[in-house]
Amino acid sequence: EAGVAQSPRYKIIEKRQSVAFWCNPISGHATLYWYQQILGQGPKLLIQFQNNGVVDDSQLPKDRFSAERLKGVDSTLKIQPAKLEDSAVYLCASSSSSGGWADTQYFGPGTRLTVL
Amino acid sequence: QKEVEQNSGPLSVPEGAIASLNCTYSDRGSQSFFWYRQYSGKSPELIMFIYSNGDKEDGRFTAQLNKASQYVSLLIRDSQPSDSATYLCAVNIVSSGAGSYQLTFGKGTKLSVIP
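These protein sequence lines are chains A and B, in that order.
Taken in order, the first sequence gives residues 599 to 714; the numbers are from the numbering used here.
Taken in order, the second sequence gives residues -17 to 97; the numbers are from the numbering used here.
Source of the hints: derived by calculation from the structure; they are not laboratory data.
Every clue listed holds true.
A short list of chain A residues far from chain B (calculated; beta carbon distances all over 12 Å):
#1 Asp661
#2 Gly670
#3 Asp672
#4 Ser685
Listed next, the in silico DSBU-like pairs over lysine-lysine satisfying Cα-Cα at most 35 Å (straight line):
#5 A:Lys613 / A:Lys642
#6 A:Lys613 / B:Lys92
#7 A:Lys642 / B:Lys38
Ideal Cβ positions, reconstructed from N, Cα and C, are used throughout, including at glycine.
Using the sequences and the hints given, assemble the complete structure.
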């Protein structure tokens, strides 16, 4: 079974530029998550989708971050404009169930973003 | 603020020893607990999950949960140099914003197994 796919793997941009990340979850997984992991920290949830609807985006900085999951499969996360503090690894995860307490999440390889 | 706390380490153990990794959490209502391993430059990889008080064993790994003390631990028996990584404790906590479950991670404990 193929795992969670993400691209690009690395991205370097200048502050105030925009950037987009792509994620394809494990086949059949209804729930998709985007996390931000700053060096030395654990992953922090940005947004959770179930199918193509948003379940939780309470920690997404909506003035600059946006995300969508069209057709309930692939997802994109966009940052516009980027700030220096956005330098981090952006992880996508997916799970087969509805995001309940017993949900098990599987992570993709991540995209390492450097903002100069 | 609902938190998950881990000793950041580094924790150094000799090859063949038992490594003990600890985690405490603040939300008494939490029901599920996960351990992820993260090698440097890689993404988190699920090792184990535990829902019930007591021990759960999987090969060289044992997860221990004590809900009364709000404490979860991971024991790695016969530690190998390949176990050297950062171990992330994660707890499913109800998000105060959305009312849905949200996986909250600790900062991780860096383990070094010395040959």
